[in-house]
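**Student:** If you're matching them up, the sequences are chains R and S in order.
Take any residue in the first sequence, note its place counting from 1, add 5, and you have its number in my numbering.
Take any residue in the second sequence, note its place counting from 1, add 6, and you have its number in my numbering.
Calculated directly from the structure, the hints in this document are not laboratory data.
Treat the hints with care, since some could be wrong.
Among the chain R residues that face chain S by a calculated CB cut under 7 Å, a handful are [unchecked claim]:
1. L18
2. S25
3. P89
4. K106
5. I110
6. Y200
7. A202
Glycine included, each C-beta is placed from N, C-alpha and C at the ideal position.
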Amino acid sequence: MNSVLVVEDDAPLRRALRVSLRARDLRVDEADTGETALTVLAERRPDLVILDLSLPGIDGNETLRRLRVFSDAPVIVLTARDRPSDKVAALDAGADDYVTKPFDIDELLARVRAALRRRPGASDHPPVLQAGALEVDLVRREARLDGRPIHLTRTELAMLEILVKNPGKLLSHEHLLREVWGPTYSTESNYLRTYVAQLRKKLGDDAATPRLILTEPGIGYRWIADDPAAYG
Amino acid sequence: MKFSTIARYVSALALMVAATAATRLAGVDLTVAAMVLLIAVLFAALLGPGPGALAAIAGYFLYDYYYTPPVHHFDFQHGTNIIAGVAFFVAAAIIGWVVTTITRLRARESKRAREAQLRLELLNRIDAGEEPDQLARHTALAITQLFDVRRCIVHLGEDLGAAPDTEPGPVDGLTTFAAGQVTVQIAEPRERLSGGDRELLEALVVTLDGSLEQARLRLESEQATIALQLSRSRAGLVSAVSHNLRTPLASIRAAAATLRAPDAQLDADDRGELLAIMADESERLERMVIKTLDLSRIRAGGLELEPQTVDVGDLVAAAVRRIRPLGCHDAVHLDVDPELEPVTLDIALMEDVLLNLLENALRFSPQGASITVDAASSNDSFEIRVSDEGPGVPPDERERIFEEFVRGGSRSDTPGTGLGLAIVRAHVAVHGGSVWVEDAPGGGARFVVHLPRSDPA
Numbered sequence: 006m007n008s009v010l011v012v013e014d015d016a017p018l019r020r021a022l023r024v025s026l027r028a029r030d031l032r033v034d035e036a037d038t039g040e041t042a043l044t045v046l047a048e049r050r051p052d053l054v055i056l057d058l059s060l061p062g063i064d065g066n067e068t069l070r071r072l073r074v075f076s077d078a079p080v081i082v083l084t085a086r087d088r089p090s091d092k093v094a095a096l097d098a099g100a101d102d103y104v105t106k107p108f109d110i111d112e113l114l115a116r117v118r119a120a121l122r123r124r125p126g127a128s129d130h131p132p133v134l135q136a137g138a139l140e141v142d143l144v145r146r147e148a149r150l151d152g153r154p155i156h157l158t159r160t161e162l163a164m165l166e167i168l169v170k171n172p173g174k175l176l177s178h179e180h181l182l183r184e185v186w187g188p189t190y191s192t193e194s195n196y197l198r199t200y201v202a203q204l205r206k207k208l209g210d211d212a213a214t215p216r217l218i219l220t221e222p223g224i225g226y227r228w229i230a231d232d233p234a235a236y237g
Numbered sequence: 007m008k009f010s011t012i013a014r015y016v017s018a019l020a021l022m023v024a025a026t027a028a029t030r031l032a033g034v035d036l037t038v039a040a041m042v043l044l045i046a047v048l049f050a051a052l053l054g055p056g057p058g059a060l061a062a063i064a065g066y067f068l069y070d071y072y073y074t075p076p077v078h079h080f081d082f083q084h085g086t087n088i089i090a091g092v093a094f095f096v097a098a099a100i101i102g103w104v105v106t107t108i109t110r111l112r113a114r115e116s117k118r119a120r121e122a123q124l125r126l127e128l129l130n131r132i133d134a135g136e137e138p139d140q141l142a143r144h145t146a147l148a149i150t151q152l153f154d155v156r157r158c159i160v161h162l163g164e165d166l167g168a169a170p171d172t173e174p175g176p177v178d179g180l181t182t183f184a185a186g187q188v189t190v191q192i193a194e195p196r197e198r199l200s201g202g203d204r205e206l207l208e209a210l211v212v213t214l215d216g217s218l219e220q221a222r223l224r225l226e227s228e229q230a231t232i233a234l235q236l237s238r239s240r241a242g243l244v245s246a247v248s249h250n251l252r253t254p255l256a257s258i259r260a261a262a263a264t265l266r267a268p269d270a271q272l273d274a275d276d277r278g279e280l281l282a283i284m285a286d287e288s289e290r291l292e293r294m295v296i297k298t299l300d301l302s303r304i305r306a307g308g309l310e311l312e313p314q315t316v317d318v319g320d321l322v323a324a325a326v327r328r329i330r331p332l333g334c335h336d337a338v339h340l341d342v343d344p345e346l347e348p349v350t351l352d353i354a355l356m357e358d359v360l361l362n363l364l365e366n367a368l369r370f371s372p373q374g375a376s377i378t379v380d381a382a383s384s385n386d387s388f389e390i391r392v393s394d395e396g397p398g399v400p401p402d403e404r405e406r407i408f409e410e411f412v413r414g415g416s417r418s419d420t421p422g423t424g425l426g427l428a429i430v431r432a433h434v435a436v437h438g439g440s441v442w443v444e445d446a447p448g449g450g451a452r453f454v455v456h457l458p459r460s461d462p463a
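Make the full structure from the sequences, and use the hints.
**Tutor:** So, in structure tokens, the structure goes:
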């Protein structure tokens, strides 16, 4: 049974989450402050953390930073803050995903499942990843659509590989730029827009009704081939 | 001619006579006498150019009469005598010129100093926000004194001040100094203004205009700052409201979705808990909405007081009855002196104040603890105090907790709205009173509402 740590200072929401997560066969630990969360995390080693950003005492982002020192459990951030900059800050502090209050519980559960699937050690990547008619061959470093190789530039291929290796995970602009172009390009998000547009075209995906690459405006991109419905 | 002027001429003459008499008595020769008389002329010149000249003439005659041969005769032809006379005149002229210059410079400096002082005073008045018509009047008065003018009219923009206070007579023939929004018109004194005075007046007008402009800009920037703060505080309220409504909404949505989900394995207890969450959180949302509306109504100034006279005990009891639905009615311990004079206030608002304070106290009270409400009164004010046995409020949070959506570290299962104390403060402020929190005698927090006694309306 997977275990989840819920860090939320609002008691009713904590209780609602506890019942809702248990009903899906997840073990639930709870904490109402960042300090308690760090203690529980160290003792119980949960598989995933759901973390409210506005906590009394040390806030969510600070909790996240301290937690990342000793734990690589996936963290889904709960936030009532609307601004992309807040979400980017949380992702940069080490969050894997975020959900905005008031959230849809099914959406949250889909994110939880996705995060649990890709958590470290859950599985090594198979040499060939499949998403419908698309195959990404990590060994031969090529992509095939309906069995026919697609011509991709090296940058496009690098980006595609990062995306498919992190199914469902929200990858921030900065993260993608750093991984594909190197640290000096971490603010050039125009590059990203151009390359993602080309990649979508070659993969037959569409920005308006995405099945493969989802844009989170102002924040980053997400590979949704496994479960497009969960991110509608 | 003024008396002091006559006295100076007489003194000059007396000085010369005395000097001559002294030389005669001492029996000195004519060289020494010339020096003594020359020195006397120098002293006389200190009295002014006129007395100096008189002394020189007197010295010339006295010297000629008593010392140049033929003695006791006036003999204007004698060479020695002519040299002595010229020396007397030159000495008197030099000293006279020096003295006049010094006197004139000193007068100008003193006028400059007075003008600088006036300028400073005007600046202070502008800074203090003095009304322009007052300022104009004061300036006009000061100018008449400083420059010895008979009449002065000062225009500051639209406003006008005149000195001395006369009917606004014809302004033809007045000399005008103007800069920007400042115009000064003066009736020149009989001896027309000197060039230095003119410069001083022009400088004064320019300074006055500059200072007024600065004051206007400062006022504008202050108003802009206030407007900005107000809009920030409104934006803050909007963002805090949306932020704070989301959490109970999230709980309700999560509970409802789980109840409906086909894949959720729920037992009867789980269902009961989810339903309870939905009910409680809907109520909390409702309270938040109502309180937010209250607060924005107070902010908008749309709140009219309806003062009525009431006994403090009745007021407190009514508020206690209203928290009965929230539970723990038994925990409230009333300690209101029945001898207290009745008070006049808006009953509905003050009940709200007490209700919010009681709710707050309940939220922070441990199980089975009691809450004490007591009241005290003096001639011109009275206080209602709500004390709990909770953890108290740390000194550095005592001001902050009255702000919107700032909640203390409540661990209760029924979180507050974060609005109660903001409403308390706003309602009390409408009554002209104040509210604060301090340590209760037995630990815990004591909220004190301090209100002025107003006459029954």
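**Student:** Checking against the hints above, which ones are violated?
**Tutor:** The structure conflicts with hints 3, 6, 7, although it agrees with all the remaining ones.
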